[in-house]
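Trainee: Sequence:
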Amino acid sequence: MSTTISPTPSRDTPEGAINHAEEVRRLNRRDGWLRRLPLLPALLFTIVVTQVPFVLSLWYSLTDWTITPPTDQEFIGVGNYTDLASDRFFLEAAQTSIFMTVAAVLLSVVLGTAIAMLLDRKFFGQGFVRTLLITPFLIMPVVAGLVWKTQMFSSLYGVLNWVLETLGFESIEFVSRAPTWSVVIVLIWQWTPFMMLIALAGLQSQPGEVLEAARVDGANGRGIFFQITLPHLRSYIELSVLLGSIYLIQVFDHIEVITGGGPGSTNVPYFVYQRSIGGGWRFGSASAYATIVVIVTIIIANLGLRVLRGLLEDEETA
1 MSTTISPTPS RDTPEGAINH AEEVRRLNRR DGWLRRLPLL PALLFTIVVT
51 QVPFVLSLWY SLTDWTITPP TDQEFIGVGN YTDLASDRFF LEAAQTSIFM
101 TVAAVLLSVV LGTAIAMLLD RKFFGQGFVR TLLITPFLIM PVVAGLVWKT
151 QMFSSLYGVL NWVLETLGFE SIEFVSRAPT WSVVIVLIWQ WTPFMMLIAL
201 AGLQSQPGEV LEAARVDGAN GRGIFFQITL PHLRSYIELS VLLGSIYLIQ
251 VFDHIEVITG GGPGSTNVPY FVYQRSIGGG WRFGSASAYA TIVVIVTIII
301 ANLGLRVLRG LLEDEETA
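Sequential numbering from 1 applies to the sequence shown in the numbering used here.
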């Protein structure tokens, strides 16, 4: 009795090419899982500590639930979200968030770029000066808020009021008279070094031969900046704005330390804190507000990733 063995299709035949392609995909899939396997514990841990609470927050946002007085979780659908438009306090907090974020980001970008232009040249002690300028960004937000509130803004012994009194002016209670700007000034002080580093990286990546050719052709410093340097820094500035917006839209520590959430300084994250564990204990509506903040942050983060991807692609092309 003879056994017939069917020959294996050659790669040169259509059937063999299909089988070979499927085998390659299977091997690549297996290699991909083998490479990801060491990362699975970290991935599972991240999902547990981030995504599970977020899903619970989504559920809470669809309920009417308070702790004091204690009530059952009553499902109300999107009722908490539809109430946002009529919540005057939330709208004020949203306006404060927008103003704080836009003012702090734009001013820190402008100052950071200007300082980076000054540092983008050789001088004695350049490294030491650069280190000193970076220091504010490395200070904890709570410490920065305390330093500015007690040593800079204080009407009794603050540095700013000492300067004003030395010049013949009356002292000013900055925190009570301008709470929003008090927080914004501290944010600018802390985030200008970060913007400076990104702008400095962009300046140092400029092709030197292009700048030299522009100088040979008779271009002055102003023309070089607006025609060559600024267009080159555009992607870096966009990245600075997006990264700064992601972090500054969630500011909480500075507000808690400097103003305690007083009128004119309560942004959306602090408003969520007030509505939940800060005393309001309205976890349903607070979860809805927090969800809005997360969605806005995700949108900004996606824009930032696109800008970063484009920046990296431009660097590879160059």
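Calculated directly from the structure, the hints in this document are not laboratory data.
Incorrect hints may have been included.
[Stated by the list, open to error] In the DMTMM-like style, the derived pairs of lysine to aspartate or glutamate whose C-alpha atoms are separated by at most 20 Å in a straight line are:
hint: 1; residue 1: LYS149; residue 2: ASP120
hint: 2; residue 1: LYS122; residue 2: ASP253
hint: 3; residue 1: LYS149; residue 2: GLU165
hint: 4; residue 1: LYS149; residue 2: GLU256
hint: 5; residue 1: LYS149; residue 2: GLU74
hint: 6; residue 1: LYS122; residue 2: GLU256
hint: 7; residue 1: LYS149; residue 2: GLU170
No experiment lies behind these values; they were computed from the predicted model shown.
Trainee: For every hint, state whether the structure bears it out.
Mentor: Each hint tested on the structure:
1. LYS149 - ASP120: Status violated; Cα separation ~33 Å.
2. LYS122 - ASP253: violated (37 Å)
3. LYS149 - GLU165: holds (18 Å)
4. LYS149 - GLU256: holds (11 Å)
5. LYS149 - GLU74: Distance ~43 Å between LYS149 and GLU74 Cα, so the pair is violated.
6. LYS122 - GLU256: Violated, at roughly 41 Å.
7. LYS149 - GLU170: Between LYS149 and GLU170 the Cα gap is close to 18 Å, so the pair holds against 20 Å.
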